[in-house]
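So you can see what is in the structure, the chains are spelled out below.
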Amino acid sequence: MGTIVVDQVGKAYKQYTSRWGRLVEWISPFNQSNHHLHWVLKDISFKISPGEAVGIIGINGAGKSTLLKMITGTTVPTTGAIHTSGRVAAMLELGMGFHADFTGRQNAYMSGQLLGYSVDEISNLIPEIEAFAEIGSYMDQQVRVYSSGMQMRLAFSVATAYRPDILIVDEALSVGDAYFQHKSFERIREFRRAGTTLLIVSHDRGAIQGICDRAILLDAGRLAMEGDPESVMDYYNALQAKRENKTVRQVVNAQGKIQTTSGSGEATIEKIVLLNESDEPIEVVAVGQQVKLQVAIRAESDLPELVLGYLIKDRLGQSIFGTNTYFLQQPLKDIKSGHKFVYTFSFPMMLGEGTYSIAIALHATETHISQNYEWRDLALIFNVVNIDQSRFVGVTWLPPEVEVRDE
Amino acid sequence: MSMMSSMWAYRSFIFGSVKREFQSRYRNSMLGAAWTVINPLAMIVVYTLIFTQIMRAKLPGIDSQYAYSIYLCTGVLVWGYFAEILTRAQNVFIENANLIKKINFPRLCLPIVIVANATLNFVIIFGLFTLFLILSGSFPGFVYFAMIPLLIVQVAFSIGLGITLGVLNVFFRDVGQFFSVVIQFWFWLTPIVYPITILPEAVRAYLVYNPMLNLMVGYQDIIVAQRLPDWESMWPITLLAFGFCVFGMMIFRKRSGEMVDEL
Chain V
5 MGTIVVDQVG KAYKQYTSRW GRLVEWISPF NQSNHHLHWV LKDISFKISP GEAVGIIGIN
65 GAGKSTLLKM ITGTTVPTTG AIHTSGRVAA MLELGMGFHA DFTGRQNAYM SGQLLGYSVD
125 EISNLIPEIE AFAEIGSYMD QQVRVYSSGM QMRLAFSVAT AYRPDILIVD EALSVGDAYF
185 QHKSFERIRE FRRAGTTLLI VSHDRGAIQG ICDRAILLDA GRLAMEGDPE SVMDYYNALQ
245 AKRENKTVRQ VVNAQGKIQT TSGSGEATIE KIVLLNESDE PIEVVAVGQQ VKLQVAIRAE
305 SDLPELVLGY LIKDRLGQSI FGTNTYFLQQ PLKDIKSGHK FVYTFSFPMM LGEGTYSIAI
365 ALHATETHIS QNYEWRDLAL IFNVVNIDQS RFVGVTWLPP EVEVRDE
Chain D
21 MSMMSSMWAY RSFIFGSVKR EFQSRYRNSM LGAAWTVINP LAMIVVYTLI FTQIMRAKLP
81 GIDSQYAYSI YLCTGVLVWG YFAEILTRAQ NVFIENANLI KKINFPRLCL PIVIVANATL
141 NFVIIFGLFT LFLILSGSFP GFVYFAMIPL LIVQVAFSIG LGITLGVLNV FFRDVGQFFS
201 VVIQFWFWLT PIVYPITILP EAVRAYLVYN PMLNLMVGYQ DIIVAQRLPD WESMWPITLL
261 AFGFCVFGMM IFRKRSGEMV DEL
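Protein chains in written order, with the numbering used here: chain V, 5 to 411; chain D, 21 to 283.
It is possible that part of the hints are untrue.
[Stated by the list, open to error] Straight line, CA to CA, 16 Å or less: simulated EDC-like cross-link-like pairs of lysine to aspartate or glutamate:
#1 V/Lys51 - V/Asp217
#2 V/Lys337 - V/Asp306
#3 D/Lys274 - V/Glu29
#4 V/Lys18 - D/Asp281
#5 D/Lys121 - D/Asp281
#6 V/Lys344 - V/Glu309
#7 V/Lys344 - V/Asp306
#8 D/Lys121 - D/Glu282
#9 V/Lys337 - V/Glu281
#10 V/Lys18 - D/Glu104
#11 V/Lys344 - V/Glu270
#12 V/Lys340 - V/Glu304
#13 V/Lys51 - V/Asp11
#14 D/Lys39 - V/Asp105
#15 V/Lys18 - D/Glu115
[What the hints assert, rightly or not] Not close to chain D: a few residues of chain V, all C-beta gaps over 12 Å, as computed:
#16 Tyr17
#17 Trp30
#18 Gly140
#19 Glu190
#20 Arg196
#21 Ser282
#22 Gly313
#23 Lys337
#24 Phe345
#25 Tyr360
#26 Asn376
#27 Asp381
#28 Leu402
To be clear, the hints were calculated from the coordinates, so they are not data collected in a lab. The beta carbon of each residue, even a glycine, is placed where N, CA and C say it ideally should be.
Please construct the entire structure, taking both the sequences and the accompanying hints into account.
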């Protein structure tokens, strides 16, 4: 129970040249073909053993959802075969096909029936579903008044009311608020401990690394990599960084135009890199890890004064921490043109989990407003993950010592 | 066989869907389920009033003031049952695309729900009509139960044809449009409003190709003329019904995978 075998699976959609093409093909006695196949997945083979948790990652359009749909059985593969054993519960998209006119309770019954449960079985599960979804009196209101988060809560509660042998979760979970996300992940972990095979699609590094034993990377419809979550995730990030760089370069170009008007270009940034203790460049940093931010610059003309500043922002662009060499009492004076410098800032990464960016600025005095040589936003992007610290939330890490006294 | 057993496993879904659909029809109305009765009742009353009191329509050969009204109601109700299954089945996959794409369940539950629902509606309406027959002293007696085999054949015919059209409609949306036109003509080319005897011989010869003709005449024989239908004449429609059921299943099986991609 709980095995998934995907054997040489491919999926292609038929595309007809005209509206009449299909009709002609269907009724033509000459076995004529008027379509070409549009392959969205090709040559996918993998095996998931009972109780294993596997994450599927890939950019939008890589074929993840199609693969999941084939595993759940709603779509049939064009080539190859998929075998699953045991009861499969899937949360493919939001809502599980809820009917907007009916109440949450009625929809829970309907969804349960669609999963093959009898009314009595569902009636027994309803209190549990209600308690887990925590949508209060909305349970007896029409689903049309639900927010997408509430629909997700209900759908998840129904789909996981019984422990399935295989649980398939699409990105749906990310709709819920943090509280429910946490709660649902807790339930997923519980299922795992009880032996449920898990297959999840997520872009959330934390989710993949926190739950999965293995990850599969799909890229342009092919299985690009399979392995432990961390290395697959790193490879994925590198793939994305490559793509991003392209766009980043464009962004820099666009900014470059602005810079030529506001910034002077008298000093330029040549290289920015984040290093670990052994001076290897990294993209992923553990909470509390000692890191070095290294910035190589070059003076393009004689400068009376040079200050380098950096600013760490979270994914929403809010400033987390910023300082510069003026505040750090390291301003450089009277620099000759062509001279190069390497700045190294060492600090422990006292940040919470998430994605952060670093902006770098080169200027003359304590602020970059007066004399701006170069300003570069999103100069570096890195991820912070919690690997060995106790769990916490927030953007900063303030490790406490706990003392509890008996009184 | 496995199809049967998986549908049996989903009986709870089928039953629940029928119930929900029935409820949803009158969901936001104040009189609720009363409308199920009021609607057909109004129809019977209107037809009876108009054709017996106002137009004084008589059926040739039968000397009862209610005869034409009964003739009309029989035809319209039975046709309504046929048309409901057919028109709903041809849209069933498109209308339930949302479910079909998201959840893996036996798809053939959906046409079954349609049949069950239409049957429920028909039983209510025809029950009322039967009550009217009894009250007006026009109940045909035991012959009445001869309707059951005819109705079974009719349901088989309508759902077989309906599934076939339903599958085709997913790929060729023209089918649905085309059939909503066809069914209008079909209604008027079937002796429901008029007795077949008023048609000229030449036209009547062509009407033989209407598969609903003999069924309709059968019902009218039972309810209006109060005699057993001509069983022999039911062979073509029975074979046709069987044929469409087999063909419908075949085309459904062959195309169900492709259908999901197309929805």
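- Task: Please work out if lysine 51 of chain V and aspartate 11 of chain V have their alpha carbons no farther apart than 16 Å.
- Result: 8 Å, holds
- Message: For lysine 18 of chain V and glutamate 104 of chain D, compute the direct alpha-carbon distance and say whether it is at most 16 Å.
- Response: 33 Å, violated
- lysine 121 of chain D and aspartate 281 of chain D: Cα distance at most 16 Å? 8 Å, holds
- Does the alpha-carbon distance linking lysine 274 of chain D and glutamate 29 of chain V stay inside the 16 Å limit? Judged against 16 Å, a Cα distance of about 15 Å means the pair holds.
- Query: Is the nearest CB of chain D more than 12 Å from the CB of tyrosine 17 of chain V?
  - Reply: 5 Å, violated
- Closest CB of chain D to the CB of tryptophan 30 of chain V still more than 12 Å away: 8 Å, violated
- Item | Closest CB of chain D to the CB of phenylalanine 345 of chain V still more than 12 Å away | Phenylalanine 345 of chain V is indeed farther than 12 Å from all Cβ atoms of chain D, at 58 Å.
- Mind verifying the non-interface call on asparagine 376 of chain V? Its CB should be farther than 12 Å from each CB in chain D. The claim holds: asparagine 376 of chain V sits with its nearest Cβ about 53 Å from chain D, beyond 12 Å.
- Classify the label on serine 282 of chain V as holds or violated, using whether its beta-carbon is more than 12 Å from each beta-carbon of chain D. 49 Å, holds
- Item | Restraint check for lysine 39 of chain D with aspartate 105 of chain V, where alpha carbons must lie at most 16 Å apart | 14 Å, holds
- Message: So leucine 402 of chain V supposedly isn't at the interface. Is its beta-carbon more than 12 Å from every beta-carbon in chain D?
- Response: 44 Å, holds
- Message: According to the definition I'm using, a residue is off the interface if its beta carbon is farther than 12 Å from all beta carbons of the partner; does glycine 313 of chain V meet that for chain D?
- Response: At about 51 Å from chain D, glycine 313 of chain V clears the 12 Å cut-off, so the statement holds.
Violated hints, in rising order: 9, 10, 15, 16, 17; the structure is consistent with all others.
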